[in-house]
Each structure stands twice: as structure tokens, then as C-alpha cells.
Amino acid sequence: MSAPVLDVRGVVKTFGDNVVLRGVDLAVGEHQVVALIGGSGSGKSTLLRCASLLEAVDDGQVLLDGEDITDPRIDADRVRRRMGVVFQAYNLFPHLSVLDNVTLAPTVVHGRSKADAREEAQALLARIGLADKADEFPDRLSGGQQQRVAIVRALAVPPRVLLLDEITSALDPELVGEVLAVVREVAAQGMTIVMATHEMGFARQVADTVAFLDGGVLLESGPPAQVLGDPVEARTRQFLARVIDAGRL
Amino acid sequence: MTPGVALGAPSELELFRRAWRRRRARRSTLVALLSTLLFAIVAYLVVTSAPGWPRVRTTFFSPTVAWNSLPEIGAGLWLNLQVLLVGGFLVMVVGLLAALTRSLRGPAFAPLRIVATAYVDLFRGIPLIIVLYLVGFGFPALGLQGMPTSPFVLGTVAIVLVYGAYVAEVFRAGIESVHPSQRAAARSLGLNHRQTMRIVVLPQALRTVTPALLNDFVALQKDVGLISVLGAVDAVRSAQILVGQSFNFTPYVVAGLLFVLLAIPSARLADAVSARARRRQQSGNLL
Chain A
1 MSAPVLDVRG VVKTFGDNVV LRGVDLAVGE HQVVALIGGS GSGKSTLLRC ASLLEAVDDG
61 QVLLDGEDIT DPRIDADRVR RRMGVVFQAY NLFPHLSVLD NVTLAPTVVH GRSKADAREE
121 AQALLARIGL ADKADEFPDR LSGGQQQRVA IVRALAVPPR VLLLDEITSA LDPELVGEVL
181 AVVREVAAQG MTIVMATHEM GFARQVADTV AFLDGGVLLE SGPPAQVLGD PVEARTRQFL
241 ARVIDAGRL
Chain B
1 MTPGVALGAP SELELFRRAW RRRRARRSTL VALLSTLLFA IVAYLVVTSA PGWPRVRTTF
61 FSPTVAWNSL PEIGAGLWLN LQVLLVGGFL VMVVGLLAAL TRSLRGPAFA PLRIVATAYV
121 DLFRGIPLII VLYLVGFGFP ALGLQGMPTS PFVLGTVAIV LVYGAYVAEV FRAGIESVHP
181 SQRAAARSLG LNHRQTMRIV VLPQALRTVT PALLNDFVAL QKDVGLISVL GAVDAVRSAQ
241 ILVGQSFNFT PYVVAGLLFV LLAIPSARLA DAVSARARRR QQSGNLL
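Those protein sequences? They're chains A and B, same order as listed.
Going letter by letter, the first sequence gives residues 1 to 249 in our numbering.
Going letter by letter, the second sequence gives residues 1 to 287 in our numbering.
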């Protein structure tokens with residue numbers, strides 16, 4: 001593997017007395033898709049929030065293209081521009097139209113002209129089949145449509161890495177597919193992706209690496225066939241057995 | 001309703017429900033109307049049968065005095081309106097600045113936050129009339145060069161200080177009502193703190209607090225009358241002068257009515273805005 005795009009080294013995160021991450025290491029290479037799996041409270045989301053500089057780590061390092069982004073001397077705003085984040089609750093800006101949501105970062109942060117940004121945004125929206133929704137406000141869209149717009153918003157200025165935080169967990173089952181289809185396409189185009197997910201089937205198909213987190217520790221990681229099919233750790237097997245019981249694999 | 005599916009005539013059950021609701025609405029309206037009328041009649045009888053009523057009528061409700069006092073009180077009201085417009089604008093600016101300062105995060109801004117918090121605590125606590133006296137008589141007494149002495153300017157300053165503190169808290173509540181996830185989304189797109197505030201947080205906050213702001217504006221409309229204590233010849237002061245000349249209190253009633261007329265449009269506007277906000281977050285038409 002060439003030098004990792006995102007390199008998490010020994011990251012520790014606590015909230016008060018609650019230790020959420022106990023020294024997590026995770027290297028994500030260029031064009032790799034990593035799926036973080038694990039129960040709720042295992043630290044998946046916190047890991048992504050630390051990597052995207054929404055939370056400060058309590059120890060360890062996060063490197064983006066070899067640069068230590070947990071160094072307080074770096075300009076965090078400049079680092080965040082190089083990452084795309086999609087949240088579980090979409091977090092579209094409700095007072096802006098779909099098009100303005102997508103063109104916000106290109107125009108305000110990256111100084112593109114309005115006309116260029118609009119043209120690109122229209123093209124992106126067309127690719128996810130939402131060209132006709134460009135002038136609607138987010139609350140007129142279904143959850144699946146909103147989440148697809150959120151993905152496009154995060155990709156409007158192509159990031160070095162795309163972080164997806166349980167992006168289908170708030171969706172009706174029948175809407176999950178359309179969002180995953182967009183992720184699949186983005187992955188196929190070579191985007192480096194780290195996603196926290198409960199969709200084991202999807203992880204198996206799309207991810208290069210599946211990493212199992214438990215109690216703030218990365219217990220095991222490897223190719224999906226191995227981690228999901230023949231896990232080494234007893235905790236992983238236990239977790240997967242419960243997921244299978246729930247009919248999610 | 002799904003297009004293409006034609007609905008037949010409403011069922012017997014629905015017709016009964018509609019008729020019952022209509023009946024009940026008619027009865028409630030009638031009860032409300034009668035009780036209001038009854039109250040008005042009783043109040044009228046009590047007041048007019050009072051032994052002092054004839055005297056009160058001529059001293060407080062004399063049509064000729066009212067008519068003659070109108071031009072002067074009207075001219076005074078123009079001064080109040082000017083204070084209202086200039087002050088209202090400045091209140092928004094001061095309030096927004098104080099609120100933004102109070103919502104700055106990080107230890108580096110602690111001194112600024114403390115100043116803003118102290119300002120809000122202080123001026124929300126002091127009665128407006130005391131601020132008026134302190135600013136109106138204290139500032140000129142300093143004898144600083146260029147210090148304005150006009151009661152119009154000093155009165156406006158005092159009002160802006162007090163209302164700015166109230167409005168700062170309204171704005172702050174609005175800023176805090178925007179869910180943190182909105183900020184997370186904006187920052188993860190690479191927007192800095194200021195861009196996030198300006199483009200994402202404030203527009204949403206402003207929408208939330210518009211009814212509260214309009215309510216404060218209505219309160220401001222009558223409090224601009226207090227600049228009269230500094231000697232500004234506004235509507236209240238003109239009325240006072242006229243009362244002093246004629247020993248008839250009607251000019252006060254006239255001034256009061258003019259303030260009410262001034263307040264009604266903004267009160268209705270505030271109602272309309274709140275109603276629109278309520279409709280947007282509808283809770284079902286039965287509640």
C-alpha cells in the first residue's frame with residue numbers, strides 16, 4: 001500500500017469519565033473503502049468526528065496525506081476543506097435551496113464563480129437523478145433524496161477522503177438502496193472512503209477493508225470476506241451473530 | 001389526496017360531524033359575544049354612575065381640548081417616531097453584536113465574553129428611567145468636548161443601551177436554538193466560524209426570533225415616550241405642557257391614544273409572523 005491518505009495513530013478520546021476511543025490505529029490508502037462496523041457506543045462515529053476535526057483528540061495523531069492534522073498549529077478550516085463529511089441526519093441547510101446547499105462550499109470557501117459552481121452542481125445533481133429538485137428546499141425532499149444531496153454537497157469540491165457517518169441509519173428501509181447506490185458509484189470512481197455503517201451486506205460488497213470496533217478498541221480488520229465471514233475474535237463473531245439474528249446480513 | 005382517485009360524497013358520519021362542529025362553533029360565538037356585551041354594559045354603568053364621573057368626563061375626555069391639543073402632541077409624536085426608528089435600528093446592531101460576542105467559544109475570547117455578559121446583566125437589571133437620568137444628566141456633566149447635550153441624542157443612547165441588552169438575549173436564544181449539527185455540517189465543508197455564523201446560523205436564528213423581536217419593538221414604541229423626562233418636547237412632554245396651561249388632563253389621554261395607534265400595526269404584524277411560524281411547524285389542526 002502506498003502512503004495512506006488518512007492515518008489514525010493511537011487515537012484516544014474521552015468524554016468526562018467515559019473513554020470512547022482507547023488508542024485506535026487505522027490507515028486508509030488512496031482509493032480504499034474502509035467500513036467501520038461495531039455496536040452502538042463502540043466509537044465508530046467518534047472516530048469519524050475526530051478524523052474530521054469536529055472533536056479534538058485526547059491523545060494520538062491523525063495524519064492527512066502525511067500531515068499531522070491534530071497539531072494545534074495547523075489551520076483546521078483549511079484541513080476540513082480537504083475532507084467531505086456526510087452525517088446520519090443529513091444536516092442540509094434548511095434555509096437554502098438544494099442548489100445553494102451544493103454550491104455553498106465551492107463559492108464561499110473555494111472562491112469559484114457562482115456560474116461555474118452552479119453548472120457543476122447541476123451536473124452532479126443530474127447524476128444522482130435530482131436535477132429537477134435543484135430549486136426545492138430540503139424539507140420538500142424525502143430522506144433518501146436529502147441524503148443523496150448531502151453526499152453531492154460533500155463532493156462538490158472533490159475531497160481527499162469522504163467520511164460517511166451511518167448515513168443510512170435514519171432512512172426508511174426502502175430508501176436505503178438509492179443512497180447506497182450513490183456511494184457505490186462514488187467508490188467505483190476511486191474516492192477514498194471511510195464509512196461507519198450497519199449495512200453489513202453493503203460493506204461486504206463495496207469495502208476493501210472492514211474494521212470492527214468494540215468498546216473503543218479496533219479489535220480486528222481485514223478483507224470483508226475474512227472479517228465478516230470468518231472472524232478471528234470471539235467478540236466479532238458474537239456481534240455478527242446478533243446482526244444475522246436481526247436479519248441485517 | 002392521490003390524484004385520479006375521485007372521492008364520492010362525504011359519508012353520513014362525516015356529515016354529522018361537520019354539522020355538530022358547526023353547531024358548537026355557533027354556540028361558542030354567541031356565548032362569547034353576549035358575555036363581552038354584558039361586561040361592556042356593566043363597566044359603562046359602573047363608571048358613569050360614579051359620583052365623580054361628570055367631573056372626570058370634562059377633565060379627561062373633553063372633545064374640544066382634545067381637538068385643540070392634537071397639533072402640538074402630533075408634532076411631539078414625530079420626535080418619538082424619530083427616536084423609535086433611529087433607536088430601533090441601533091438596538092438591533094448593539095443586540096446582535098453583544099449576542100455574537102457572548103456566543104464566541106474558546107478561552108481566548110473570555111475577556112470579550114465577560115464584557116458582553118456584564119453589559120447584558122447590567123442593563124437588563126437597571127430600570128430604564130434610571131439609565132435615562134444617568135445618561136441624560138451624567139454625560140453632559142462630564143463636560144467633555146463634543147459631548148452631545150440634546151435630550152434627543154442622549155435619550156436615544158439610554159434607550160439603545162437598555163433595549164440592546166434585551167435584544168442581545170433574544171438573539172442569543174435564537175443562535176442557540178440552531179442545532180449544533182448545522183454548525184458541524186458547515187464547518188466540515190470548510191467554512192470558518194464567521195462564515196458559518198453569517199450564512200448558516202444567523203439566517204435560521206433570525207427566523208426563529210422574529211416574533212420575539214417584534215414584541216420588543218412594540219414595547220420600545222411606548223418606552224420612547226420616556227425621553228420626556230430629559231426635557232425633550234415629545235408627545236408626552238407636549239401633553240404635560242398643555243395640561244399645565246389648561247388644568248385639563250385630556251391631552252394625556254390624547255397622547256396615550258396616539259401611542260396605541262402607533263403600536264397597533266406592529267402588534268398585528270407580530271401576530272401574523274407568529275401565526276406563520278406556527279403554521280410552518282404545524283401540530284395538527286385539532287390542537
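Each hint should be verified, as a subset may be incorrect.
Just some of the chain B residues that point at chain A, by a computed CB distance under 10 Å [claimed, not checked]:
#, residue
1, Ser103
2, Arg105
3, Pro107
4, Pro111
5, Ser177
6, His179
7, Ser181
8, Ala184
9, Ser188
10, Leu189
11, Val200
12, Pro203
13, Gln204
14, Asn215
If you're looking for bench data, these hints aren't it; they were derived computationally from the structure.
We put the beta carbon where it would ideally sit given N, CA and C, even for glycine.
Hint check results:
1. Ser103: Constraint on serine 103(B) not satisfied, violated at 18 Å.
2. Arg105: violated (12 Å)
3. Pro107: Not OK, violated: proline 107(B) not within 10 Å of chain A, min 13 Å.
4. Pro111: Since chain A brings no Cβ nearer than about 21 Å to proline 111(B), farther than 10 Å, the hint is violated.
5. Ser177: violated (13 Å)
6. His179: holds (8 Å)
7. Ser181: holds (5 Å)
8. Ala184: Hint on alanine 184(B): holds, closest Cβ of chain A at ~5 Å, below 10 Å.
9. Ser188: holds (4 Å)
10. Leu189: holds (4 Å)
11. Val200: Check passed: Cβ of valine 200(B) comes within 6 Å of chain A, closer than 10 Å.
12. Pro203: holds (5 Å)
13. Gln204: Check passed: Cβ of glutamine 204(B) comes within 6 Å of chain A, closer than 10 Å.
14. Asn215: violated (22 Å)
Consistency note: the structure conflicts with the earlier hints numbered 1, 2, 3, 4, 5, 14.
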